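Top to bottom, those sequences are chains Z and F. Heads up, our numbering is the position in the first sequence plus 4, with the first residue counted as 1. Heads up, our numbering is the position in the second sequence plus 580, with the first residue counted as 1.
The set of hints was computed from the structure by calculation and includes no laboratory data. All of these numbers come straight from a predicted model, not from anything done at the bench. Using N, Cα and C, we set each Cβ at its ideal position, and we do this for glycine too. Treat the hints with caution; some may be incorrect.
What the hints assert, rightly or not - Restraint-style ranges between C-beta atoms, simulated for each label pair:
{"id": "1", "chain 1": "F", "residue 1": "G849", "chain 2": "Z", "residue 2": "S143", "range": "28 to 38 Å"}
{"id": "2", "chain 1": "Z", "residue 1": "E103", "chain 2": "F", "residue 2": "G715", "range": "30 to 40 Å"}
{"id": "3", "chain 1": "F", "residue 1": "N711", "chain 2": "Z", "residue 2": "S10", "range": "21 to 31 Å"}
{"id": "4", "chain 1": "F", "residue 1": "G802", "chain 2": "Z", "residue 2": "N7", "range": "51 to 61 Å"}
What the hints assert, rightly or not - The calculated lysine to aspartate or glutamate pairs, modelled on EDC-like cross-linking and capped at a C-alpha distance of 20 Å, are:
{"id": "5", "chain 1": "Z", "residue 1": "K18", "chain 2": "F", "residue 2": "E721"}
{"id": "6", "chain 1": "Z", "residue 1": "K22", "chain 2": "F", "residue 2": "D952"}
{"id": "7", "chain 1": "F", "residue 1": "K906", "chain 2": "Z", "residue 2": "D99"}
{"id": "8", "chain 1": "Z", "residue 1": "K18", "chain 2": "F", "residue 2": "D903"}
{"id": "9", "chain 1": "Z", "residue 1": "K22", "chain 2": "F", "residue 2": "D714"}
{"id": "10", "chain 1": "Z", "residue 1": "K22", "chain 2": "F", "residue 2": "E758"}
{"id": "11", "chain 1": "Z", "residue 1": "K112", "chain 2": "Z", "residue 2": "D99"}
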Amino acid sequence: MNNLLSKYPQEIDKILAKYPLGQKRAAVMPLLYLAQREPGYITKQALQDIADILAISITEVASIVGFYTLYRAEPGGKYRLQVCTDLPCALRGADQFLEKLCANLGIKVGETTPDGLVVVEEVMCLAGCDKAPLFQVQSGEGLNYHENQTVESALALVDQWRSEARTAGASLASKENGELEPVNIKAEQGLTSLSNEDRLSIQERGGK
Amino acid sequence: MSEYILLRHRQIPGINKLEVYRQNRGFEAFKKVVTTMQPDEVTEVVKASGLRGRGGAGFPTGLKWAFTDKKAWPHYVVANADESEPGTFKDREIMEGNPFQFLEGVAIAAYAVQANAAYVYLRGEFWQLANSLDGCLAEMESAGFLGEKLFGIEYSLRIYTHLGAGAYICGEETALLESIEGKLGQPRLRPPFPPAFGLFGKPTVVNNVETLTNVPLIIDKGPQWFRTFGTEKSPGMKIFSLSGCINHPGNYELPLGTTFRELIFDYGGGLPGGRNIKAIMPAGASSSLIVATEQALDTPMDYESVPRLGAQLGSASIIVIDDSVKMDWVINKTVHFFAHESCGKCTPCREGTYWMRHLTDRIATGRGAVEDVQLLQAVANQIKNKCLCALGEFSIEAALSSIERFKEDFA
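Work out the full structure, taking the sequences as your base and the hints as a guide.
Structure follows, in C-alpha cells:
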C-alpha cells in the first residue's frame with residue numbers, strides 16, 4: 005500500500021510526466037516536497053513510498069533529504085522562520101535583528117517556541133540582499149518571503165500565527181506528543197550509512 | 581537609464597502578463613526563428629552579438645550553443661535560476677517582473693540546439709516564483725508557443741520548472757544537472773562538458789536567466805543593435821545588484837563598462853551616515869576585496885577591466901563596504917558561507933573551509949594568535965587548484981585578498 009500514491013495520484017502523475025521515460029529518479033525532489041507538505045517533515049513511510057514509486061533504494065531517497073536544507077527529517081515547529089545573516093544582510097543589521105527576535109520569543113537560534121509553533125533558524129543568502137533584514141517562512145503552505153522587516157513586524161506575524169492556531173483549536177504541542185514519530189534513518193539505511201548524528205557532525209564540518 | 585532591455589517591467593507595466601508582453605512584440609522573435617531561420621543561423625546571430633554568460637564566467641553564449649554535440653540526441657536546454665551568490669538578486673527580479681521575455685529566451689535557445697525539452701532549475705526558496713512561472717508556461721501552451729508542431733512547423737517544445745531545495749552548489753552547472761537527475765548536487769569531473777555530456781547524459785546547454793533574457797531582443801533587433809550597448813569585448817546591458825553599505829540598494833541595469841563610481845554614487849546615492857567607502861566586492865561573496873581607491877572607483881565594470889584590480893566581475897553583485905567595517909569580520913562571514921555550502925565531495929574544500937572557519941572565528945573575535953593569520957593563508961593556499969569546481973577557489977578569494985590588501989585589519 006503506497007500512502008503517497010493513493011493520496012496524491014494526479015499530482016504524482018503530473019510530476020512524473022515532467023521527466024523522460026527511464027529517468028523517473030529525477031522526480032525525487034518534487035516528490036519529497038509533496039510528502040513534506042502535510043506533516044511538515046519526511047516520514048519514514050514517505051521515504052519508502054517514494055523509493056517504491058521511483059524504484060530506487062530508501063537510502064538514496066534519504067540521502068537527498070540529508071543533502072538539501074529545505075527537507076526535514078524530523079518534526080519541528082509548524083513555521084520555520086529563516087533569517088538570512090550573510091554578509092550583505094549583515095551589513096544592514098541582520099545579526100542584530102535575529103538576536104532581538106530570538107530574545108523576544110525567548111528562544112535561541114535553532115530552537116522552537118514552547119507552543120511548538122515557530123522555529124527560528126539562521127540561513128544562507130536568500131537573494132533579497134537589497135531588502136534586508138529579511139526572512140523566509142517555510143510551512144505546509146509553501147515558502148514565502150518577508151522583506152524589509154523590523155523585529156516588531158516579525159513579532160506581529162508570529163502573533164498572527166498564534167491567533168490562527170488558537171482559532172484552529174487543537175494545540176500543536178499536544179498533537180506532536182502523540183502522532184508524529186521521528187524518522188530513524190540509521191535503522192533504515194544500514195551499517196554503511198550515516199546516522200543523523202554523523203550527518204550533523206559532517207554538516208558542522210562543512211559538508212552536507 | 582533611458583531604455584531597459586532586461587528589466588522592461590519598470591517601463592512597461594503589466595509586461596508580466598502574456599497579453600501585454602505580446603503587445604510589445606512578445607514571441608515575435610521566437611516565431612521568427614522557428615518559421616524563417618535554420619537552427620545554426622540563430623546560433624550565428626547570438627555569436628555575432630557578442631553576448632557573454634551573465635552567471636559569472638562570462639563565456640560567449642553563441643559559442644556554447646555551437647559546442648552542442650550533434651551526434652548525440654536528444655538535446656536539452658537548462659536555465660540556471662539557482663541564484664544563490666550572496667549579493668545577487670537580479671534573476672529573481674527578471675523572473676518576477678519580465679518572465680515571458682526570459683521564457684522566450686529559453687524557447688529560442690531550445691530551437692537553436694533543437695531541444696524538445698527545457699528545464700528551468702530554480703533554487704527551492706523561489707517556490708512562489710516557480711508557481712508563477714508554471715502559470716506562465718500554461719499560458720504559453722494555450723497560446724501555441726509550447727507544445728507540438730509550433731507555428732505549423734515540425735518542431736515541438738516543452739519547458740518545465742524544477743525546484744532545488746537549498747544548496748548553493750547547485751548553481752554550479754554540473755551539480756545542477758546532477759540535482760535535476762535526482763542525485764546529490766555535487767559537481768562532475770570535467771571534461772566532458774555539458775554540451776557533450778549534460779542532463780541525463782545528453783548534450784545540454786546551460787545558461788543563466790539573465791543571459792537568456794537578452795536573446796529575444798538580440799533576435800528581434802539584431803546583433804549590431806545589441807553591440808551599441810557596453811564595450812567591444814563586453815557588449816550589452818548588465819544588471820548590477822547593489823547591496824551593503826549603500827543608500828539605495830537594488831538592481832541597476834546599465835551598460836557594461838559603467839564605472840564603480842557611477843553605480844555607487846550616481847545611481848546608488850552613496851553611502852549612508854556620511855561614511856567613506858573602504859572596499860568593494862564586485863562578485864558577491866566569491867570576490868576578492870578591491871581597495872576603493874579613486875582609481876578603482878573610476879574603473880569600468882566589464883569582464884576585461886575588473887581583473888586589472890585583482891578581482892572578477894562575476895555575476896556583478898556589488899557589495900559596498902564602509903570604513904566602519906573590519907575585514908576580519910567580513911571574511912569570517914564569507915568563510916562561514918562557503919563552509920556551510922561546500923558539498924563535501926572534494927577533501928581540500930570540505931576540510932579547508934572547515935578549518936578556515938575556525939581560524940576566522942578566532943581572528944574575528946580577537947582570540948587569534950599572530951600565527952593564525954599565516955595559518956589561514958596556508959590553509960587557503962592548499963585549497964587552491966585542488967577542487968572539481970570553483971566553490972573552493974571562491975572560498976579563499978576574500979580571505980587572501982583582504983589579508984594582503986588590508987593588513988592593518990589583521991595586525
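Against which earlier hints does the structure fall short, listed by number upward?
Per hint list: 6, 8 violated.
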